[in-house]
Amino acid sequence: MSKISLPTSCLLDKNIVREALRGLVRETLGRHLPPRQGASLGVVRALIAYGGLLYITPELWHLLERPAHLPIASPFLSYLRVLRPGRYLKRWRRRLTEEGFSHEDALILSYASFGFDTLEKTFGVESVLTNDLRMKDRYAHGFPRIEARFTRMIRQLKAPYQQATLPDVISAEELWVQMAL
Amino acid sequence: MRTVVIRETGELVLPRETLEESRITAGTALVVIARAGQILLLDRAQVRRRVEEIGQGMQESLGKALGQAGKDAIFAGLSLDEYLALSEEEEVALWDRLFKEAEQELTIREQDIPPDFVPARQKYR
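Protein chains in written order, with the numbering used here: chain Z, 1 to 181; chain X, 1001 to 1125.
Honestly, the hints are just simulated from the structure, not real lab data. Positions of the beta carbon are idealized from the N, C-alpha and C atoms, including for glycine. Each hint should be verified, as a subset may be incorrect.
Stated by the list, open to error - Interface residues of chain X toward chain Z, partial, derived using beta-carbon atoms under 7 Å:
{"id": "1", "residue": "V1013"}
{"id": "2", "residue": "R1050"}
{"id": "3", "residue": "M1058"}
{"id": "4", "residue": "L1062"}
{"id": "5", "residue": "K1064"}
{"id": "6", "residue": "A1102"}
{"id": "7", "residue": "D1112"}
{"id": "8", "residue": "V1118"}
Let's have the full structure, built from the sequences with the hints guiding it.
Structure below.
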């Protein structure tokens, strides 16, 4: 028997999608997959198999749905959902930028707390799945400060924003090893 | 639906009927997924098969798309050969540029989250 802790809702960052798509192309052509591509593709498929909700940002969706990108992106799109920007997303993104995150990293982390899904009637996600170890480390090391700042911010907000949560940030390779499929 | 009680030791004995209905037999490797108020036991082999089916579906769909594209562009104006020839640095730079463009084309318009919405972490855990 094996025990794993699987996120039920996951926000995929751009690098996960990029590596997974590249991996899918190589796999379809019968080529060898480098570890990160294999892990990204494997984790995405396994989370779908376990019934997890896989989200991307509207920006990434906009990129993928362009006709020029559809030949490669289309096999993936039907499994993905888009988080909509909820109020305070920009405010939290600004604060994360002040904590040293890049504009793009701050955006994805902010969607992970203030992006919403009208079908599920939920907001935020449990985990951000990334291949960006620098972002993951910055988040882990700065977490006490980030959490304190987040708590201060949401304390002043009304429902449902005051219930907002911070995500876990996990790497695809880490989760793939845990799944051991 | 049946009720079982977990023993002090943490052991759980599943009724024979439950095992028969689930077609899970003694010795089957199970994946245990624990969430607040829930423990899911999944046949590891079945999960693996499901992952393979999803993979096959994706491959078939992509294979068809690549077949239709032939020598034409398949991503960002690049043919399949050009796309595969990208180094990792070139691919990262390409996606960074495409993402920036997508971001510029979209304006973030924040919307109020309805008061009955709950954090995903709270709903599923």
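| task | Just pull the numbers of the violated hints for me, sorted ascending. | result | 1, 5
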